[in-house]
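There are 2 protein chains.
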Amino acid sequence: MRPLDRVHSALEEAAAAVAEEMERLLPDGDGLEARIFEAMYYAIMAGGKRLRPFLVLTSAQLFNVSRESALRAAAAVEMVHTYSLVHDDLPAMDDDDLRRGKPTCHVKYGEATAILVGDALLTLAFEVLSDPLTHADPEVRCELVQSLANAAGAAGMVGGQMMDLEAEKLALDIGAITRLQRLKTGALIAYSCEAGAILGKAHEHARHALKAYAHDLGLAFQITDDLLDTTGNEKDMGKKVGKDAGAGKATFVSILGVERARAQAKVLAEQAAGHLDMFEHKADLLRDIARFVVERRN
Amino acid sequence: MRPLDRVHSALEEAAAAVAEEMERLLPDGDGLEARIFEAMYYAIMAGGKRLRPFLVLTSAQLFNVSRESALRAAAAVEMVHTYSLVHDDLPAMDDDDLRRGKPTCHVKYGEATAILVGDALLTLAFEVLSDPLTHADPEVRCELVQSLANAAGAAGMVGGQMMDLEAEKLALDIGAITRLQRLKTGALIAYSCEAGAILGKAHEHARHALKAYAHDLGLAFQITDDLLDTTGNEKDMGKKVGKDAGAGKATFVSILGVERARAQAKVLAEQAAGHLDMFEHKADLLRDIARFVVERRN
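If you read the sequences in order, they're chains A and B.
According to the working numbering, the stretch in the first sequence is residues 26 to 323, in order.
According to the working numbering, the stretch in the second sequence is residues 26 to 323, in order.
Derived from the structure by calculation, the hints contain no laboratory data.
Predicted model, so just to flag it, every value in this text is computed and none were measured.
It cannot be assumed that every hint is accurate.
No copy is singled out in the list; a pair is fine if it fits within one copy or between any two copies.
[As the list claims (entries may be wrong)] Once the Cα atoms are required to be at most 20 Å apart in a straight line, the calculated SDA-like pairs of lysine to any residue come out as:
no. : residue 1 : residue 2
1   : LYS226    : PRO163
2   : LYS127    : ASP156
3   : LYS274    : LEU57
4   : LYS236    : ARG285
5   : LYS194    : ALA59
6   : LYS194    : GLY135
7   : LYS133    : GLU191
8   : LYS291    : HIS230
9   : LYS236    : ARG31
10  : LYS226    : ASP162
11  : LYS291    : GLY126
12  : LYS226    : GLU164
13  : LYS226    : PRO157
14  : LYS274    : GLY56
15  : LYS133    : PRO116
16  : LYS194    : GLU63
17  : LYS194    : LEU57
18  : LYS133    : MET118
19  : LYS194    : GLU229
20  : LYS127    : THR203
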């Protein structure tokens with residue numbers, strides 16, 4: 026199999042396993058509040074590449090973590106990612122009607138329910154991680170919770186979203202955009218790689234290597250996102266394109282131009298792969314995914 | 026000092042200590058995202074009775090928990106309570122402009138920021154609980170995280186909020202309203218009492234006693250809330266009153282009438298106090314707070 030085909034089939038396999046795990050973990054019932062269970066399911070099952078859980082599973086494999094532990098941590102990360110999309114799509118935020126080719130959660134269930142769906146998914150992620158089923162060692166579970174909260178909160182993803190809202194009023198330079206994206210998307214991607222190391226009680230230097238990899242991967246991912254927003258089409262993307270340019274927002278592409286942005290993403294992907302030398306051939310799939318991230322079309 | 030005066034001064038003392046602790050725990054900085062730090066501070070420092078952190082501190086005292094541990098857990102509970110108010114006040118939810126006599130978070134900072142403030146406070150609560158500073162034993166920290174997530178999520182508070190939204194379309198009976206309130210406000214109040222027992226590694230029967238106390242206290246609290254919404258005035262309450270009746274929502278008062286609701290709240294408060302026999306005089310303050318909860322005017 027060629028490397029990119031191998032990535033595709035590994036992504037698909039991981040996506041199916043994580044979807045199954047999330048289905049097991051999502052709440053269910055027929056009380057008066059059943060609407061939220063249905064809406065959580067809708068948001069989670071809307072699909073997507075499931076890149077973050079894939080990174081959890083793949084980094085966990087480096088340290089021989091049990092499949093159940095890795096799947097639960099992967100599901101938790103995807104819940105946090107999904108909550109962030111549900112809230113980000115709200116009318117008061119990005120006001121998106123379409124996500125992965127389907128009506129967004131608030132379009133389907135109304136704004137109030139969508140707000141609650143995000144809240145419930147975020148909360149569920151921490152409930153899953155702190156559960157003894159995720160890992161026998163409570164120290165490991167606490168570290169998973171603490172690192173995820175740090176990556177997802179005001180010092181990470183939510184802080185990045187706040188910067189993004191503020192950025193609409195300002196002309197950002199490349200340094201500010203890099204920091205914005207490091208918080209907005211980079212922190213959760215970095216956590217996804219770190220989670221495998223936490224679960225495997227990996228040595229500090231292994232953990233640093235994975236974080237350095239994830240840092241470059243996250244930026245490469247975001248630059249490619251900006252490129253796709255400029256050059257992609259709505260059918261491939263399953264969502265509106267050209268929104269950032271339309272809103273006059275500074276992006277990697279608006280500052281660097283298409284060609285330099287594309288070159289930069291490729292350099293970052295190579296650099297990301299380079300951080301994994303210590304894992305030798307065990308990290309081939311992580312290296313391949315770095316290349317996949319900049320060559321994807323949606 | 027008379028019991029109610031004692032409660033008042035204990036509440037004030039706890040409120041000041043928890044506010045100070047939260048101020049220490051809230052993020053700060055002058056980056057592009059500084060607006061969210063400011064808005065989190067605004068939401069947290071808007072005040073309130075701080076009943077939930079008071080319950081954490083007071084139940085922790087039963088088991089000789091260190092002051093630092095109790096304060097951190099108390100701060101985490103109040104962060105979750107505050108996040109739920111910020112989201113609940115949003116235009117798509119209850120659409121409230123006034124909270125504790127001040128503009129609500131979205132009125133002051135806009136809807137997008139208010140959504141992010143809620144998200145960040147919820148996330149921060151879990152970061153605080155999982156931090157080794159909260160308790161030396163990671164098993165205790167995991168249990169704090171897991172129980173809070175359970176109380177706050179779709180099986181608890183968020184589920185109750187979903188029921189509340191659905192209830193606007195339905196004529197609920199007393200059983201349904203009791204379940205709704207047990208989830209919407211009862212679960213977090215119960216957790217507040219349980220947190221002290223978790224921190225103190227209390228025996229199962231002590232924990233059950235506190236949960237039974239909290240269950241009755243939570244209902245008494247909610248019935249009194251409904252009474253104040255009917256009979257209180259906006260000045261004392263610091264928010265709009267009569268909203269539920271105006272919206273045609275079934276409440277304890279609309280079903281039981283003012284007199285029976287008042288009597289029921291009193292019975293529940295006495296019943297709550299009765300669950301604490303095993304703690305003898307050590308639980309006097311918890312008994313007093315049960316009486317305070319049904320006699321308060323805001």
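These are the hints, each one checked on the structure:
In the homo-oligomer, the alpha carbons of LYS226 and PRO163 lie at most 20 Å apart both inside one protomer (12 Å) and across protomers (15 Å), since each shortest distance falls under that limit. For the homomeric pair LYS127 and ASP156, neither the shortest alpha-carbon distance inside one copy (33 Å) nor that between copies (39 Å) is at most 20 Å. Taking CA atoms no more than 20 Å apart as the test, LYS274 paired with LEU57 passes between copies only; the shortest distance there is 15 Å, against 42 Å inside one copy. In this assembly of identical chains, the alpha carbons of LYS236 and ARG285 never lie at most 20 Å apart, being 25 Å within a copy and 61 Å across copies at closest.
Proximity of LYS194 to ALA59 under the C-alpha cut-off of 20 Å is restricted to the inter-copy arrangement: shortest distance 14 Å between copies versus 40 Å within a copy. Taking the shortest Cα distances, LYS194 and GLY135 sit within 20 Å of each other only across copies (15 Å), while inside one copy they are farther apart (28 Å). For a Cα distance limit of 20 Å, the shortest separation of LYS133 from GLU191 across copies, 16 Å, qualifies, whereas the shortest one inside one copy, 28 Å, does not. For a Cα distance limit of 20 Å, the shortest separation of LYS291 from HIS230 qualifies neither inside one copy, at 25 Å, nor across copies, at 61 Å.
Taking the closest pair of Cα atoms, LYS236 and ARG31 never come within 20 Å of each other, the shortest separation being 23 Å inside a single copy and 53 Å across copies. In this homomeric assembly, LYS226 and ASP162 come within 20 Å of each other (Cα to Cα) both inside a single copy, at 10 Å, and across copies, at 18 Å. For the homomeric pair LYS291 and GLY126, neither the shortest alpha-carbon distance inside one copy (28 Å) nor that between copies (54 Å) is at most 20 Å. In the homo-oligomer, the alpha carbons of LYS226 and GLU164 lie at most 20 Å apart both inside one protomer (10 Å) and across protomers (17 Å), since each shortest distance falls under that limit.
Taking the closest pair of Cα atoms, LYS226 and PRO157 come within 20 Å of each other both inside a single copy (16 Å) and across two copies (17 Å). Taking CA atoms no more than 20 Å apart as the test, LYS274 paired with GLY56 passes between copies only; the shortest distance there is 18 Å, against 44 Å inside one copy. Taking CA atoms no more than 20 Å apart as the test, LYS133 paired with PRO116 passes in both settings, with 13 Å inside one copy and 18 Å between copies. In this assembly of identical chains, LYS194 and GLU63 lie within 20 Å of each other by CA distance solely across copies; the values are 18 Å between and 37 Å within a copy.
Within a single copy, LYS194 and LEU57 get their C-alpha atoms only as close as 43 Å, which misses the 20 Å cut-off; across copies the closest is 11 Å, which meets it. Taking identical chains as interchangeable, the C-alpha atoms of LYS133 and MET118 lie at most 20 Å apart whether they share a chain (17 Å) or sit on different chains (16 Å). Taking CA atoms no more than 20 Å apart as the test, LYS194 paired with GLU229 passes in neither setting, with 40 Å inside one copy and 55 Å between copies. Taking the shortest alpha-carbon separations for LYS127 and THR203, neither the intra-copy value of 30 Å nor the inter-copy value of 37 Å comes in at or below 20 Å.
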